[in-house]
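Letter by letter, the chains look like this.
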Amino acid sequence: MPTQFEAQLVANRTLGGGYVVLEFSAPAGRLDGVVPGQFVMLRGAWGRELLNPRAFSVLWSEPDGRFAVMLKAYGRGTTRMVAMQPGDSMTVTGPLGRGFPPPGQGSVQLLVAGGVGLPPLHLQARVAVQAGHGRALELFYGGRNRDDLVLLDDFERWGIAVQCATEDGSVGARGFVTVPLRERLLQARRDGARVEVLSCGPTPMLRAVRALALELDVTAWLCLEEEMACGFGVCLGCAVPVHGERPYRYCCTDGPVFEARQVRW
Amino acid sequence: MSAPPRTAALPRERVDLRCGFGPLTLPHPILAASGCFAYGQQFADFMDLRRLAGLSTKGISPKPRFGNPLPRICETASGMINSIGLENVGAEAFLRDKLPYLSAAGLSVWVNFFGEDFDGYVECARLLDAGRGHGIDVLEMNISCPNIKKGGIEFGTVPEVAHRLTKACVAATSLPIVVKLTPNVSDVVAMAQAVAEAGAAGVSLINTITAMAIDVRTRRPRIATTYGGLSGPAIKPVALRMVHQVHRALPQLPICGMGGILSGEDALEFIMAGASCVQVGTANFARPDASLRVLDELHALMAELGIATVAEVVGCVQPIEPETPWNPAAASAPDAEAGKR
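Those protein sequences? They're chains Z and S, same order as listed.
Heads up, the first sequence is in my numbering, so the first residue is 315 and it goes up one at a time.
Heads up, the second sequence is in my numbering, so the first residue is 804 and it goes up one at a time.
No lab work stands behind these hints: they were computed from the structure.
Rough simulated footprint, nothing fancy, chain Z against chain S, three-plus residues with beta-carbon under 8 Å:
| no. | region |
| --- | --- |
| 1 | 838-847 |
| 2 | 884-898 |
In silico negatives: residues of chain Z with every beta carbon more than 12 Å from chain S:
| no. | residue |
| --- | --- |
| 3 | L323 |
| 4 | A325 |
| 5 | G379 |
| 6 | A397 |
| 7 | P400 |
| 8 | R412 |
| 9 | S421 |
| 10 | G446 |
| 11 | D467 |
| 12 | D468 |
| 13 | I474 |
| 14 | A487 |
| 15 | R488 |
| 16 | R503 |
| 17 | V509 |
Every value quoted in this text rests on a predicted model; they were computed, and no experiment measured them.
Positions of the beta carbon are idealized from the N, C-alpha and C atoms, including for glycine.
Build the full structure now, drawing on both the sequences and the hints.
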């Protein structure tokens, strides 16, 4: 059940490429059992200038209340957040939304990440490894250059196969992450292996992943990002266009994870 | 300038927060605003709903509506623009699926409603009348949503049209009708007068201000419908001015004030301008327990300022005293005059 609580920044860890991991302490148990892809709404002491909290996927959480998110300075909120100092506090609402399907259900999960979309897939891998399903995952990680690929050492430590793609070719394949992903999906088809795609990243990347999944008839789960004011189904700002009986669903309560075929892109 | 009234602080328990709004008696003046509190349930995870005086529901139409394309919202300086498009479950589903929960929570339920045309408004008022005795206290008639073509803004900008519509809806229900007015007019007093004369039990002031934001990188508006409604602290000074104007012109007309209330002090400003109660809107997005914080702060502030009841400060704001007339011929004030000061 989501609750609202205060959290204190414990560490502001710079990863390079402008990415930071913010680690918070908070009352125990608040984010227990968080499902990868679920998110929290965070708001600092921003006065009256910046009103709305910001949505972040949980990177990790511990039973003692500690948790972390990963971000990059992008707008007015994230710019303030990357400058936060240990001891600074934020108001948290969460955990919110519906996350990815669990690993180990018979399919190999291909995690496809881009930029700040890594955290829910990083958590999916962490949870899978803890549950002994580490071999049922592979990571496909795309970025503009070497600096966009962060936290790779965790995947190495967990023994998860990683294929990278960078637009400048500095690491892995040159081009978009869909290049190695296509090869992998074709190989799975040849082998008759069951795979599903779990993806989070910039919308253009998610659109390309969706198109590829539809083309090759593979189930894909997309963790979407939409402008949100509340995060818990009240403002109705984060509409996602979908097929089906209703034209829109909500990123915050129906998602943020949606099946690719359902999304009306 | 005159000195502020000096009143000794009161202990909190001596502050009586109860207030009247037309025929209603509320335990305190803080309600949640339409469109910012859905149908209430979502907030039960974060706060004790029963501590609120009441809420105004998401706007209800005779039939369900799906809402506008995205993007629907964008944050702006000290506020946000929205164009949700009056998405709602429709009157029938509201009465069946949403009202029982609210009624059980013991809140004063104000059902915000609208129609896509004149007859749609009247039909909606008639349908919602079935909720009388089942928890609905007030029908808040929304003639001010800027976000759908037939969302009522034309009903909210021409006094004669607003008068006719209010009269028809008042006749369609025995519930009190409070009309929510738009700030997008040059003379809000004329609008308030028109609906008051048609039998409105009060007015809600204000809805959002029509607004726009542009993404210079894509050269597109930040809202799919190009224009949306601005809310949040950015609009509070406009809202206060309108509450004050209407209260001064129509002191007997109950006003529910809203527009960017984030704190107890904001709420007290609205009350002093002439509002009998207030609604907290956009602040609920910033933190779900925002309305209760406003309530606690209002309570503490009234105690600090020695205000024993809400009624004693409704519309209490006085004009600033005129200055001493300028006398270009006098080099300085005569001693006698100076001595008086």
